[in-house]
Structures are given as structure tokens and as C-alpha cells.
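Required output: the full structure, derived from the provided sequences and hints.
Chains as they are written, first to last, in this note's numbering: chain A, 1 to 446; chain B, 1 to 316; chain C, 1 to 182.
Since the hints were made in silico from the structure, they are not lab data. Fair warning: this is a prediction, and the values are worked out from it, not measured in the lab. We treat Cβ as the ideally placed atom computed from N, Cα and C, and that holds for glycine. Take these hints with a grain of salt, some might be off.
As the list claims (entries may be wrong) - Calculated pairs, SDA-like style, for lysine to any residue (alpha carbon to alpha carbon, straight line, at most 20 Å):
{"hint": "1", "chain 1": "C", "residue 1": "Lys113", "chain 2": "A", "residue 2": "Thr51"}
{"hint": "2", "chain 1": "C", "residue 1": "Lys113", "chain 2": "A", "residue 2": "Gly39"}
{"hint": "3", "chain 1": "B", "residue 1": "Lys162", "chain 2": "C", "residue 2": "Lys77"}
{"hint": "4", "chain 1": "B", "residue 1": "Lys98", "chain 2": "B", "residue 2": "Glu300"}
{"hint": "5", "chain 1": "C", "residue 1": "Lys77", "chain 2": "A", "residue 2": "Leu15"}
{"hint": "6", "chain 1": "B", "residue 1": "Lys6", "chain 2": "A", "residue 2": "Gln316"}
{"hint": "7", "chain 1": "C", "residue 1": "Lys113", "chain 2": "B", "residue 2": "Asn111"}
{"hint": "8", "chain 1": "A", "residue 1": "Lys213", "chain 2": "A", "residue 2": "Asn315"}
{"hint": "9", "chain 1": "B", "residue 1": "Lys9", "chain 2": "B", "residue 2": "Gln224"}
{"hint": "10", "chain 1": "B", "residue 1": "Lys199", "chain 2": "A", "residue 2": "Gly39"}
{"hint": "11", "chain 1": "B", "residue 1": "Lys199", "chain 2": "B", "residue 2": "Ile259"}
{"hint": "12", "chain 1": "B", "residue 1": "Lys291", "chain 2": "B", "residue 2": "Lys199"}
{"hint": "13", "chain 1": "C", "residue 1": "Lys152", "chain 2": "A", "residue 2": "Asn315"}
{"hint": "14", "chain 1": "B", "residue 1": "Lys199", "chain 2": "A", "residue 2": "Ala174"}
{"hint": "15", "chain 1": "B", "residue 1": "Lys9", "chain 2": "A", "residue 2": "Asn315"}
As the list claims (entries may be wrong) - Pair ranges (Cβ atoms, derived):
{"hint": "16", "chain 1": "A", "residue 1": "Gly445", "chain 2": "B", "residue 2": "Glu308", "range": "28 to 38 Å"}
{"hint": "17", "chain 1": "B", "residue 1": "Glu269", "chain 2": "C", "residue 2": "Phe117", "range": "37 to 47 Å"}
{"hint": "18", "chain 1": "C", "residue 1": "Val33", "chain 2": "A", "residue 2": "Gly179", "range": "36 to 46 Å"}
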Amino acid sequence: MESQIILILFGGFLLLMAIGAPITVALGVSTLLSFLYLGENPIKFVQIAFTSVGSFPLMALPAFILAGALMEAAGLSRRLINVAESFAGPFTGGMSAATVFACLFFGAISGSGPATTAAVGMLMIPAMIQRGYGRSYASAITASSGGLGIVIPPSIPLIIFGIAALGMPAPPAAVEEFGQFQTVSIPKLFIAGFMPAFLIAGSLLLMNYILAKKHGYKGSSEGWSARLIWCELYRGFWALMAPVVILGGIYSGFFTPTEAAIVAIFYTLLVGAFIYRELSWSKLFTALETTTWLTGRVLLIMFTATVFGRLLVENQIPAVIADGMLSVTSNIYIIWALVIFFLLFVGMFMETLATILILVPVMLPVAYSVGIDPIHFGVVMVCCLGIGFQTPPLGENLFIASGISNISIEKISVAALPFAFINTIAIFIIAYVPEISLWLPRLLGY
Amino acid sequence: GMADAKNFKIAVGDSGGSSQEATGLGFVSALEELSGGKHTATLFLNGQLGSEQDTVNEAAIGTLDMSILAINNVTPFSPTVGVFSLPYVILSLEDAEKLTQGPIGAELTENTINDAGVRIIAWTYTGFRVLTNSKKPVKSVADLQGLVIRVPKNEIMIDTYKAWGISPTPMAWSETFAGLQTGVVDGQDNPYTTINAMKFYEVQKYVTNIRYIFSIEPLIISEQVFQELSAEDQQIILDAGKAATAASAQFLRDKEAEIKQILLDEGMEISDPENNEEEFIKLATEAVWPKFYDSIGGIEKMNAVLAEIGRDPVSQ
Amino acid sequence: MTKFWYVIDNIESYICRTLLAIFVCLLFLQVIVRTLFDFSFSWVEELSIYMFVWFVFFGASYAAKKGAHNRVTFQFKFLPNGYIKYIEAFADLFWVFFNVYFVYLSIDFIFNKMNRFQSSQTMGFHLSWVYIVLPIAFSLMTFRVLQVNYKKIVLGEDLRDPDAIDLEEIRAETANPEQEKK
Ligand code: NA
Ligand code: NA
Numbered sequence: 001m002e003s004q005i006i007l008i009l010f011g012g013f014l015l016l017m018a019i020g021a022p023i024t025v026a027l028g029v030s031t032l033l034s035f036l037y038l039g040e041n042p043i044k045f046v047q048i049a050f051t052s053v054g055s056f057p058l059m060a061l062p063a064f065i066l067a068g069a070l071m072e073a074a075g076l077s078r079r080l081i082n083v084a085e086s087f088a089g090p091f092t093g094g095m096s097a098a099t100v101f102a103c104l105f106f107g108a109i110s111g112s113g114p115a116t117t118a119a120v121g122m123l124m125i126p127a128m129i130q131r132g133y134g135r136s137y138a139s140a141i142t143a144s145s146g147g148l149g150i151v152i153p154p155s156i157p158l159i160i161f162g163i164a165a166l167g168m169p170a171p172p173a174a175v176e177e178f179g180q181f182q183t184v185s186i187p188k189l190f191i192a193g194f195m196p197a198f199l200i201a202g203s204l205l206l207m208n209y210i211l212a213k214k215h216g217y218k219g220s221s222e223g224w225s226a227r228l229i230w231c232e233l234y235r236g237f238w239a240l241m242a243p244v245v246i247l248g249g250i251y252s253g254f255f256t257p258t259e260a261a262i263v264a265i266f267y268t269l270l271v272g273a274f275i276y277r278e279l280s281w282s283k284l285f286t287a288l289e290t291t292t293w294l295t296g297r298v299l300l301i302m303f304t305a306t307v308f309g310r311l312l313v314e315n316q317i318p319a320v321i322a323d324g325m326l327s328v329t330s331n332i333y334i335i336w337a338l339v340i341f342f343l344l345f346v347g348m349f350m351e352t353l354a355t356i357l358i359l360v361p362v363m364l365p366v367a368y369s370v371g372i373d374p375i376h377f378g379v380v381m382v383c384c385l386g387i388g389f390q391t392p393p394l395g396e397n398l399f400i401a402s403g404i405s406n407i408s409i410e411k412i413s414v415a416a417l418p419f420a421f422i423n424t425i426a427i428f429i430i431a432y433v434p435e436i437s438l439w440l441p442r443l444l445g446y
Numbered sequence: 001g002m003a004d005a006k007n008f009k010i011a012v013g014d015s016g017g018s019s020q021e022a023t024g025l026g027f028v029s030a031l032e033e034l035s036g037g038k039h040t041a042t043l044f045l046n047g048q049l050g051s052e053q054d055t056v057n058e059a060a061i062g063t064l065d066m067s068i069l070a071i072n073n074v075t076p077f078s079p080t081v082g083v084f085s086l087p088y089v090i091l092s093l094e095d096a097e098k099l100t101q102g103p104i105g106a107e108l109t110e111n112t113i114n115d116a117g118v119r120i121i122a123w124t125y126t127g128f129r130v131l132t133n134s135k136k137p138v139k140s141v142a143d144l145q146g147l148v149i150r151v152p153k154n155e156i157m158i159d160t161y162k163a164w165g166i167s168p169t170p171m172a173w174s175e176t177f178a179g180l181q182t183g184v185v186d187g188q189d190n191p192y193t194t195i196n197a198m199k200f201y202e203v204q205k206y207v208t209n210i211r212y213i214f215s216i217e218p219l220i221i222s223e224q225v226f227q228e229l230s231a232e233d234q235q236i237i238l239d240a241g242k243a244a245t246a247a248s249a250q251f252l253r254d255k256e257a258e259i260k261q262i263l264l265d266e267g268m269e270i271s272d273p274e275n276n277e278e279e280f281i282k283l284a285t286e287a288v289w290p291k292f293y294d295s296i297g298g299i300e301k302m303n304a305v306l307a308e309i310g311r312d313p314v315s316q
Numbered sequence: 001m002t003k004f005w006y007v008i009d010n011i012e013s014y015i016c017r018t019l020l021a022i023f024v025c026l027l028f029l030q031v032i033v034r035t036l037f038d039f040s041f042s043w044v045e046e047l048s049i050y051m052f053v054w055f056v057f058f059g060a061s062y063a064a065k066k067g068a069h070n071r072v073t074f075q076f077k078f079l080p081n082g083y084i085k086y087i088e089a090f091a092d093l094f095w096v097f098f099n100v101y102f103v104y105l106s107i108d109f110i111f112n113k114m115n116r117f118q119s120s121q122t123m124g125f126h127l128s129w130v131y132i133v134l135p136i137a138f139s140l141m142t143f144r145v146l147q148v149n150y151k152k153i154v155l156g157e158d159l160r161d162p163d164a165i166d167l168e169e170i171r172a173e174t175a176n177p178e179q180e181k182k
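Spelled out as C-alpha cells, the structure:
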């Protein structure tokens with residue numbers, strides 16, 4: 001029975017994807033067919049449609065998308081990047097290092113990778129080209145660091161992971177073997193993302209230094225300009241306060257993540273309308289409109305992925321997959337390696353949020369059954385998918401970088417290879433040393 | 001014969017180690033024993049088959065066999081069972097056993113079949129929802145003032161806190177632990193087993209033994225599924241349910257003392273409300289009961305319930 | 001196209017922007033009264049969740065209108081452009097099948113299967129008033145799927161990927177260096 005269901009469910013899913021059906025349709029139709037095959041009434045789809053989407057934590061998704069769009073429209077993003085740029089100074093590869101830092105800054109207010117790439121790339125790629133950096137190099141480093149945006153909190157993929165994982169508790173057998181697992185919460189995931197993001201940023205800076213030295217990308221001859229830095233800090237003050245408000249609000253306990261995003265929206269509206277005066281009604285309507293279709297498309301997947309996951313659970317298929325995996329090996333390092341390569345592979349073709357929604361019900365039980373902490377697993381998963389933004393054929397960051405620099409995606413991909421390589425090494429370190437992810441949440445009492 | 005052997009799917013809202021699981025395990029073992037190993041059932045813990053409220057609809061439609069869930073998640077589908085959720089109706093485990101297993105319980109079971117299409121076959125006694133908070137010991141209504149208390153999105157609980165003079169914060173269960181940890185809310189109320197299972201002692205310090213709600217969590221079976229069984233199997237299900245109810249009461253008696261000790265060892269402070277809780281009781285019953293007489297079937301129903309456990313009737 | 005038809009053709013967008021603006025404001029109000037006055041409106045969370053559900057499903061229909069639902073398309077890379085729209089149209093038949101079946105299920109659920117007492121906990125109205133969004137939005141989405149395929153196949157329009165629209169703007173903005181210095 002299980003093998004036939006697995007065939008219909010996964011076979012139908014892959015076949016529908018192959019003929020170009022939207023991911024949400026591939027999920028929904030393959031699950032519907034499995035229900036009909038099992039002779040079960042699919043009427044539970046109706047209630048799942050309502051309850052999978054109707055949850056308060058999930059409202060953080062449109063709220064962060066809207067906050068990010070407004071920050072872009074209100075000029076907050078640009079000021080943040082100018083601050084990073086002013087620090088570039090006399091170093092070898094300084095401008096490209098500033099790009100990485102700009103992505104770190106911007107990542108702390110934007111939940112999304114492509115949004116980070118677009119905001120940072122728009123200013124930094126032309127600036128790098130102007131200072132003699134190769135076009136493809138400038139695009140590649142931007143596309144690669146744009147993935148940081150989703151690892152540094154706030155992070156839309158971590159929110160989605162958290163919500164998917166909340167519905168997937170540890171199987172009793174795993175609890176018996178490894179003891180209670182910690183509960184998943186979105187603030188906890190956010191804190192856990194910090195150190196890994198800095199490690200990845202460090203790896204990018206290292207590779208940048210090596211490559212910049214090789215290519216001879218020198219810094220400016222004047223050296224640091226304290227005046228310039230001061231000016232940009234002054235101009236960017238209200239923009240720099242945005243991450244303070246968002247993250248500070250969450251960690252000090254003033255707000256839940258959803259509320260923090262809501263507060264960020266109103267903060268940006270105030271700053272954009274009255275201080276920077278760059279926000280107009282038409283920009284506001286555009287931001288609302290973008291939020292509408294982006295949320296609608298992701299959360300329709302949320303619905304179909306939930307029925308997909310429910311079918312898996314009811315037929316205890318994750319246990320079958322976990323047993324299959326454990327029969328091959330129970331070495332946690334090998335399992336991590338398989339997981340990472342699988343995620344990197346999937347990340348090449350699939351949109352990030354859809355990947356998380358589909359794979360959490362399949363992979364998290366496997367992770368539990370070898371004793372992997374769910375928070376740690378979520379961070380590694382999101383890091384892996386962050387690389388997916390810079391790999392063809394579907395690499396959202398690549399598209400954006402290529403659009404800005406007018407260099408072909410193929411050329412940027414080749415130039416981005418060293419960064420993808422060192423990022424992968426960083427991810428292996430993050431996977432093999434759980435403390436990198438788990439130390440900070442524990443230190444802060446989570 | 002073995003041809004119609006069943007493996008029932010039982011949705012369980014709580015995690016392993018909870019009272020709900022104890023009822024479920026009691027039911028499964030009694031079912032296997034009474035049916036001579038023909039029938040069995042699988043527990044899906046932690047709400048894997050959907051939220052507790054969703055499972056009522058699914059059982060009603062017949063797409064789910066059974067579910068163990070808090071009574072206040074049945075109330076929206078069959079309002080008369082709401083009488084058990086009213087504050088200070090049940091003041092002890094013995095009250096709870098008497099009400100659920102006597103004629104009142106039978107009548108409510110009948111109502112639930114008619115209203116919601118599900119049949120209550122066993123009762124989980126999870127105990128009183130005690131109040132915890134991170135700020136200060138609470139012994140009187142006055143102590144409560146200024147605390148931000150999380151409640152489920154439940155009218156009765158919200159009204160009760162309002163009767164005590166504070167406006168509680170409705171918050172999703174999934175956000176509660178983080179909310180307590182970061183201080184978005186100061187406190188919450190839940191039975192001892194839940195407080196222990198959720199490790200609330202990591203983020204809460206003071207416990208107050210208020211008794212405003214005795215948490216009852218029935219095991220329901222889809223009436224459609226039940227009616228498709230042979231008369232013999234129906235009897236097996238009902239008997240297994242009785243065994244599960246007994247197992248649940250035993251579990252509570254064994255566990256509560258044990259858990260109190262664990263919480264004390266974890267550094268929590270436990271106190272009782274002053275004056276045998278009189279002020280809490282008076283404010284809550286006067287403000288909340290009259291609002292719900294209609295939905296539970298009239299003031300006569302309320303008085304029938306009170307009479308059954310030997311308490312004075314109320315008047316309009 | 002007249003203004004009237006433009007609004008009708010983008011009806012989901014208008015509905016969604018209104019809902020989004022309202023629930024964002026409601027939640028902000030809730031944060032403000034809680035942090036400043038230690039007070040909560042018990043109905044805000046529930047009402048905003050219901051508005052959010054409406055927002056999501058109408059938003060999904062709007063995304064369908066924009067052709068924004070993600071597909072995996074790298075396997076078509078070596079196919080002539082003319083064929084792709086026919087293959088995708090065939091795939092969309094499954095979408096239509098799914099939606100029609102789902103609309104049937106949701107109508108059956110709302111009108112025949114739903115419990116008669118199932119109401120909002122804090123506001124009292126019956127939840128079928130919230131669930132009704134499902135048949136409406138999925139019908140509308142089905143119409144959008146057909147509309148998009150009609151435009152692509154019969155009218156021969158080339159619907160742009162909405163993800164790529166940002167890119168055009170970025171190009172335009174970066175082509176104008178004045179914008180950077182502003
Ligand atoms: Na971020
Ligand atoms: Na990719």
C-alpha cells in the first residue's frame with residue numbers, strides 16, 4: 001500500500017512538474033489522486049485550506065514582504081547601502097567587501113534574498129564597475145551575498161520553516177532514543193540564524209579577498225574618509241534604526257515576530273512620509289499590490305503542501321523514508337552530507353519557500369530519527385537554499401544581478417562558482433558543528 | 001471474522017506524556033484486549049492530524065475515526081457541553097467523575113451526537129488549569145492586577161479574567177512559549193501536566209492553584225464510523241472507552257503530586273488563593289454564568305448540574 | 001478599456017489591498033493598545049486572521065491572473081518557444097480539474113457538512129461566512145487560468161513573468177545615475 005501511494009504521490013508530483021504545471025498544482029493534484037486511489041473522501045481539503053492559512057504567525061509573511069517593499073520605496077534601503085559603501089575605503093576588494101556588508105545590513109531588515117540582491121545590487125554593482133571591478137565579478141559577489149538576506153533574521157524562509165516544523169513534532173521513537181527535542185519557535189530560529197550567517201559572510205569575505213588580490217581590485221587611494229562615513233551614518237540614521245526596532249522589539253519581548261513586522265511597516269511609513277519624504281501614494285499602492293500576489297502564490301502552496309504533508313503523515317510515509325535512509329547508513333555526518341547535497345540540488349531548480357513547505361514533512365522526521373535538533377536543521381536547510389539563489393537554472397539572485405549588469409547569467413554563474421564553493425564548505429561546518437547555530441539561542445535563554 | 005478488523009486513527013492534540021495520551025493508550029490496550037486482538041488503533045500525537053477543532057468536523061463528516069481533545073473545542077459544535085467549561089462548576093476530580101459518568105454526562109453525550117455528529121466514549125480528566133506567571137505570587141484578585149495573561153481564543157476564559165478586572169491577551173498556543181519567554185505576556189493558565197510537559201517552569205516562576213476550570217478532554221468517535229460497526233463491536237468500543245476513562249482518572253491521581261514536586265524542584269513557587277478562593281469564585285460566577293445560561297440550555301440545566309454535585313441552586 | 005472594466009479585471013487586487021491595509025492597521029492598533037494601555041481587543045486577532053484568509057485566496061487568484069504561480073521550466077529550455085505555451089496549457093487542465101473539484105467540495109462542505117453551531121468565538125457570526133471565500137476565490141482563479149491561456153494561445157499575447165517586472169525597473173533606474181545621488 002505504502003509503495004503504491006509513494007508512487008502515485010511522488011510520481012504524480014514529478015510528472016506534473018515536468019510538464020510545467022505550477023508547483024502548487026502538482027502538489028494538490030497528486031495528493032487529490034492519492035486520496036481518490038485510497039478511497040478516502042478529499043473533503044478534508046476544504047478545512048485544511050482554511051486552517052493551514054488561517055494562523056497568526058503566518059501573517060508575518062505578508063507583513064515582512066510589505067515592510068521590505070516599503071523600505072525600498074521610502075529610500076531606507078538605499079541609505080543603508082550608502083553607509084556600507086562609505087566604509088569600503090583603501091582595502092583590496094574593499095568595494096566588494098562593502099557589498100557583503102551591505103547585504104548583512106539589508107538582510108537584517110528584509111526577509112528575502114532577491115529583495116536584498118536587488119536593493120544592494122542596484123547601487124553597488126555600478127559602483128564596483130566604476131572602480132574597475134570586472135562586471136561579472138561584481139554581479140557574482142552581489143548574487144552570492146544576496147543569499148545572506150534569507151539567513152540573517154528576519155527571514156521569510158525561517159518563518160515558513162518554523163510554521164511547517166510546528167506541525168511536525170518528533171516521532172515518539174526518536175524522543176525515546178534522544179530525549180525531548182527543543183520546541184520550534186520563530187524567535188528562536190531567528191536567533192539561531194545569526195552566527196551561521198556571519199560564518200557564511202566571513203567565508204565570502206575570505207574568498208573575496210583572495211580573488212580581489214588575484215584580479216588586482218585595489219581600494220581608493222585617498223584612504224578612509226571619516227567625514228564621508230559620518231555623513232552617511234547621519235543620513236542613514238533612521239534607516240539604521242529599522243533593524244534595531246524590528247529585532248530589538250522581538251528579542252526584548254515587546255512584540256511577536258508578526259507584530260514586529262507590523263510595527264516595521266508603520267515605522268517605515270512614518271520615516272518615508274515625514275522624514276525622508278520619498279514615499280508617495282502610488283508607491284504605497286504598488287507595495288500593497290506586490291505583497292498581494294507574492295503572498296497569494298506562496299500561501300496557495302502552503303495549502304497544497306499541507307494536504308500533501310497530511311497524506312504522508314496519515315500513511316506514516318516519513319517513517320518509511322527514515323527507515324530507508326537509516327538502513328543505508330546511520331552515520332550522522334554521512335546523513336548530513338546527503339541532506340546538504342540533496343538540498344543544494346533541489347535548490348537549483350525550485351523556488352525556496354515551496355521547497356521548504358514540501359520537504360519539511362518529508363525530511364524533518366528523518367532528521368529527528370537520527371537525533372538532529374530541529375532548530376539546527378532549519379538553519380542548515382535555509383542556508384542551503386540560500387545558495388540556490390545563486391545557482392542556475394533557477395537562481396533568482398542571478399536574474400536580478402544579470403539584469404543590473406547586462407552580463408549573461410552563464411558568465412555570472414561561472415564567476416559565482418568560487419563563492420558557491422566556499423559557501424558550501426561553510427554550510428558543512430554549520431551542519432557538523434551544531435553549536436554554531438544553537439549556542440546563541442541558549443546563551444540568550446531560549 | 002478478521003476480515004473487518006480495524007485500525008482506527010485517533011487524533012491526539014497533545015504530546016507524549018500528556019493526559020490525553022494516557023487516555024488514548026488506555027483505550028488502545030482495552031480495545032485490543034476486548035476484541036481479542038482483532039481491532040487496534042493508532043495515536044497521532046501533537047495535532048498531526050489537524051487542530052483539535054478541525055478534528056471535530058472531520059469526525060462528523062466521517063473522514064477521521066476518533067479524536068481526543070479539550071472539551072472547549074467541542075463546545076463550538078455542541079453548545080450544551082459548555083456547562084463543563086463554565087468557571088467553578090467543577091471543584092474537584094470527584095465532581096468531574098460524578099458529572100461526566102452520571103445522567104448529566106449521558107445527556108450531553110446524546111446532545112453531542114445530535115448537534116455535532118460525534119459520540120463521546122471516554123473522558124480525560126486533566127485537572128484544574130492553574131495560573132502561572134513570571135512576576136509575583138498571586139493569592140488574591142488584587143495580586144492579579146497589572147499582569148498580562150495569555151488565554152486561548154475562548155470567550156469564557158476571557159470573560160472570567162475580565163470579571164477579575166484584567167483584560168487577558170488571546171494568543172495562539174504555538175506562540176505561547178515564546179511569548180512567555182520574551183515577556184510579551186507574563187502568565188498563562190494550564191493544567192499541571194501541560195505546564196510540566198511544555199517546560200513552562202523554564203520561563204515561569206509562580207503557580208497559583210486556582211480552580212476556575214477543570215480541564216476535561218473527551219475521546220470522541222465519528223458517529224458515522226460508530227454506526228457502521230456491528231452491535232458487538234459497538235459494545236467493545238464503549239467498554240474500551242469506560243476503561244480509558246478509569247485509566248485517565250488513575251493517571252491524574254498518580255501524576256499530579258509527582259509533577260508538583262518536579263515543579264518545586266525546578267524552582268517554582270506554588271501557592272493557594274486566600275480565603276479558599278472565595279473572591280475569585282464570587283466575581284467569576286456572578287459575571288460569567290448568567291451570560292451562558294441560554295447556550296447550555298437554560299438556568300434549569302445549570303441547577304440540575306449543581307444539584308448532582310450537591311451545591312446550592314442559582315436564581316435568575 | 002474603461003475605468004470600470006479595469007477595476008473589474010483587477011477585482012482581486014482591489015479586494016486584497018483593502019483587506020491588507022485593514023488588517024495591518026488592526027494589528028497595529030492591537031500592539032499600540034497592548035503596549036501603552038495593557039489592554040487587548042479580544043476580537044482583533046480573530047477578525048484579522050479571517051481577513052487574512054480572504055486576502056490569501058483572492059491573492060492566489062490575482063497571482064494566477066498575473067501568471068505568477070511558480071513552475072519549473074528549465075526542462076523546456078531547448079524547446080521552440082511556440083510549443084511551451086501548449087504544454088503549459090495542457091498542464092493547466094489539471095489545475096482547472098483540481099479547482100472545479102475543490103469548488104464542488106467546498107460548496108458541499110459549507111452548505112451540507114458544516115456544523116450549524118460553528119461560529120466565531122469572539123464575534124458570533126457563523127463561520128460559513130468566512131469559508132465562503134473558498135468556492136468564490138477558486139472559481140475566480142479557474143476563470144483566471146482560462147483567461148491567461150486564452151490570452152497566450154488565442155490572442156498570442158506574451159505574458160511577462162511578474163518576477164521579471166522588477167528587473168525592468170531596476171534597469172531603468174540604474175540607467176539613470178541621477179537617481180543614485182538623490
Ligand atoms: Na533577512
Ligand atoms: Na537555483
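Hint check:
1. Distance check on the hinted pair: Lys113(C) and Thr51(A) sit about 16 Å apart at the alpha-carbon level, within 20 Å; holds.
2. Restraint check for Lys113(C) and Gly39(A): satisfied, since their Cα atoms lie roughly 19 Å apart, inside the 20 Å limit.
3. With a C-alpha separation of about 63 Å, the suggested pair Lys162(B) and Lys77(C) falls outside the 20 Å cut-off, and the hint is violated.
4. Straight-line distance between C-alpha atoms of Lys98(B) and Glu300(B) comes to about 18 Å, which keeps the hinted pair within the 20 Å bound.
5. Between the alpha carbons of Lys77(C) and Leu15(A) the distance comes to roughly 17 Å, so the proposed pair stays at or under 20 Å and holds.
6. Only pairs whose Cα atoms come within 20 Å are accepted, and Lys6(B) paired with Gln316(A) is accepted, the gap being roughly 17 Å.
7. For the given pair, Lys113(C) sits about 18 Å from Asn111(B) by alpha-carbon distance, which is consistent with the 20 Å threshold.
8. A threshold of 20 Å between alpha carbons decides the hint, and for Lys213(A) with Asn315(A) the separation of about 56 Å lies outside it, so the pair is violated.
9. Straight-line distance between C-alpha atoms of Lys9(B) and Gln224(B) comes to about 14 Å, which keeps the hinted pair within the 20 Å bound.
10. Between Lys199(B) and Gly39(A) the CA atoms are separated by roughly 41 Å; this puts the pair beyond 20 Å, and the hint is violated.
11. Restraint check for Lys199(B) and Ile259(B): satisfied, since their Cα atoms lie roughly 11 Å apart, inside the 20 Å limit.
12. For the given pair, Lys291(B) sits about 35 Å from Lys199(B) by alpha-carbon distance, which is inconsistent with the 20 Å threshold.
13. A distance of roughly 40 Å separates the Cα atoms of Lys152(C) and Asn315(A); the hinted pair therefore is violated under the 20 Å criterion.
14. Proposed proximity of Lys199(B) and Ala174(A) is supported: the alpha carbons are some 19 Å apart, at most 20 Å.
15. With a C-alpha separation of about 10 Å, the suggested pair Lys9(B) and Asn315(A) falls inside the 20 Å cut-off, and the hint holds.
16. Look at Gly445(A) against Glu308(B): about 47 Å separates their beta carbons, and that is not inside 28 to 38 Å.
17. Between Glu269(B) and Phe117(C) the C-beta distance comes to about 41 Å, which sits within the given range of 37 to 47 Å.
18. Checked against the hint of 36 to 46 Å, the C-beta distance between Val33(C) and Gly179(A) comes to roughly 42 Å, which is consistent with it.
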